[in-house]
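Enquirer: Take a look at the letters that make up each chain.
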Amino acid sequence: MHKSRPVSLATRGLRKDFERPAVDGLDLTIYGGEFYCLLGPNGAGKTTTLRMVAGLLGPDAGTIAIEGIDALARPEDAKQVTAWLSDEPMVYDKLTPYEYLEFVAGLWRIDAATAQARARDLIGWLGLEDQAHTRCEGFSKGMRQKVALAGALVHDPKLIILDEPLTGLDAGAARLVKNVLRERVARGGTVIMTTHILEVAERMADRIGVIANGRLIAEGTLDELRIKAGAAVASLEDAFLALVASEAAAA
Amino acid sequence: MSEPATMAWLASHELRLGWRDLTSLVTAGGRRRRNAIIAIVVFVVAMHAFANWVVKNYATIDIGADPVTLITISSTLLLSWALLLSQAMESVTRIFYTRSDLDLILTSPVSARKVFAVRMARIAAAAAMMALLLASPFINTLAWHGGPRWLAGYGVVAAMAATATAFALALTIALFRLIGARRTRLIAQIVAAVIGAGFVIGLQILAIFSGGTLSRVTALHSPWLVARLPDADSVVWWPARAALGDITALVAVLVTALLVIAGAIALFSARFGEHALAAAGVSAAAVRQRRTSLRLRPRTPSSALRRKEWLLLWRDPWLVSQTLMQILYLLPPAVLLYVTFRHGTNAYVVLIPVMVMAAGQLAGGLAWLSISGEDAPDLIATAPVTPARVLTAKIEAVLGAVALVFAPLTAVLAFESVYAALVLALGIAAATAAATFIQICFRAQARRSHFRRRHTSSRIATFAEAFSSVSWAATAAVAAGPSWLAVIPMAVALAILLGIWLVRPRTA
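Chains as they are written, first to last, in the numbering used here: chain D, 54 to 304; chain L, 2 to 509.
Treat the hints with care, since some could be wrong.
To be verified - Far from chain L, some chain D residues (derived; all Cβ distances over 10 Å): (1) T82; (2) G108; (3) A118; (4) M143; (5) D146; (6) G221; (7) A224; (8) R240; (9) N266; (10) D291.
As the list claims (entries may be wrong) - One side only, chain D facing chain L, incomplete, derived with CB under 7 Å: (11) Q133; (12) E155; (13) Q169.
I should point out that these hints are in silico values taken from the structure, not numbers from a laboratory. Where a beta carbon is used, it is the ideal one built from N, C-alpha and C, also for glycine.
Could you build all of it, start to finish, from the sequences and the hints given here?
Expert: Right, dumping it as structure tokens:
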């Protein structure tokens, strides 16, 4: 199904070493309009991978192509179509959500009329109308994450990269974020997300990649992962634990 | 080992935390312990040499000193006390507004009053220790040349620290009750800055009107003031007499200080926790901006970055108070400028180095906030803007802010002398550019709220920033002369920048 679509993100031989290899020759292919979840135990290399894709970290080796653009050779062009959102929403305490969106729109060179229409929609959609002109300094984590999400979407990115975006959010805020992401995918956007909440991956992802020791050890739909993990496996959690355990045993 | 949850046990806990804070501050997190020890030894020796040069000739002053000497010593003590009060207010405000272990303390079965009493004593002890460290070279030198009676100075300094802490507690808590938790933070910072600077500035303004100079001593020794002060036996002079070695006065000063700090602790410790909780909750309060229009203004990445920096600078209460202090220091030169106009003298030459120095210091702070203090580094790094463009926009924001502060004074000076105004403008530009350059060389990723501790991240950058500002100020002062000798301090300033370029961290 996906392979008929254009490739949104492709990494080849991606490598990053810290004390030890954090990402070890990773090949990832994610198609346009796909919701892809990257799972793995702590320290597996998920965040390092996403930070390299987002342009926050330079790889030691390998290539990254976003929407056909060589992200290492033309980083600004690749960033123009990309958005990054981490578990720790980075917003400016002394700016209001509206000022924050105005700033982001300026950075991405969005013309004022388009930015204004999108900002208004996002503010309404995320339920931020009452706080649109209130400084972010007193906001809860969920509110800050909503503002950061609005900032990530205001420039209408083709590829959204999210690192544990639901951590610390209440049920309502988490539902809102999931709905927003699902809607983006329905409109042809691509989402790559890491999460420790396997239920979210199970419900939302078109495909799931399991990473351990910096390498992709399994990839596919939920059913494909179940089959790969073994006949007795029923849920994604079982499949994930079985795959990680077999990788650990092999290592 | 003391019994848990007793005052002694809590005091030892506070002592341990204080000691670790101090060592971490001095050794930059423990990474450069050997360098720190060497730096301290060099500093102590240099301070003793400096003290020897400054106070050696005063070691023979008798306890029964004349009014002018008593005025000089008292005003020096008062100035030091104002600075201690300012520092203590800053410490009290910081404890109020930092949540840290507040939840643990207030949910533990230990009496909160007991905990906060110990914490207040820690503020007083920290203030005393810092003051004693700075005063010790002078006291030791005086004792070396004039006899052990001068060691009484240690007692006077400790008493000053205790009373300054007591007043700081009273002032902050009074502010808290009068204007509430939210406003207290900003007002306390401004009051602390004003108290620290106010005494010096007030004396300078007095001196300008009475003698037409920036010398504070001129004002203190004026016959008008001497004629209006109390007799030499008055209680007012006890601290000065204690500093001169009068044991009776020393005992009186120490007992008074002890009573004042004990009274303040007894009075305020009970409600300190309540106030601290209210202050820690301030961040949850909402600040609405006046702008309610949903119209977004079209911006380029550079203009968006500049506007963001200016908005954040403007809305930062700590920075506003710091800037206000810089502007306060400019008040005496501004008055001098006014007097110059009235009397047609050319004393404005004195203005130039003061303003160049202030511009360098202000630019250093602003550059750190703009270049290193980025609260959303990921957003900036993932934006489709080149790092060079981001840096340029941030530098423009710093230069714009400095220009806004200093342009009016430069313009006024231009009416008196176009040449002097040109030298001033060039000096300000050079000092600002140099301070910004140093911050670029030593940039590090930090949160803006860490501004207070920015000096701990790189000692080299801190000293280079100060020496660079001094060198550019000297360059401007000599050039305003006018004299070609200005090339000498200019060469020193450029050598500092070259040195910074050579020793900059390569990863920056």
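Enquirer: Output the indices of the hints that this structure fails to meet, ascending.
Expert: 2, 4, 5
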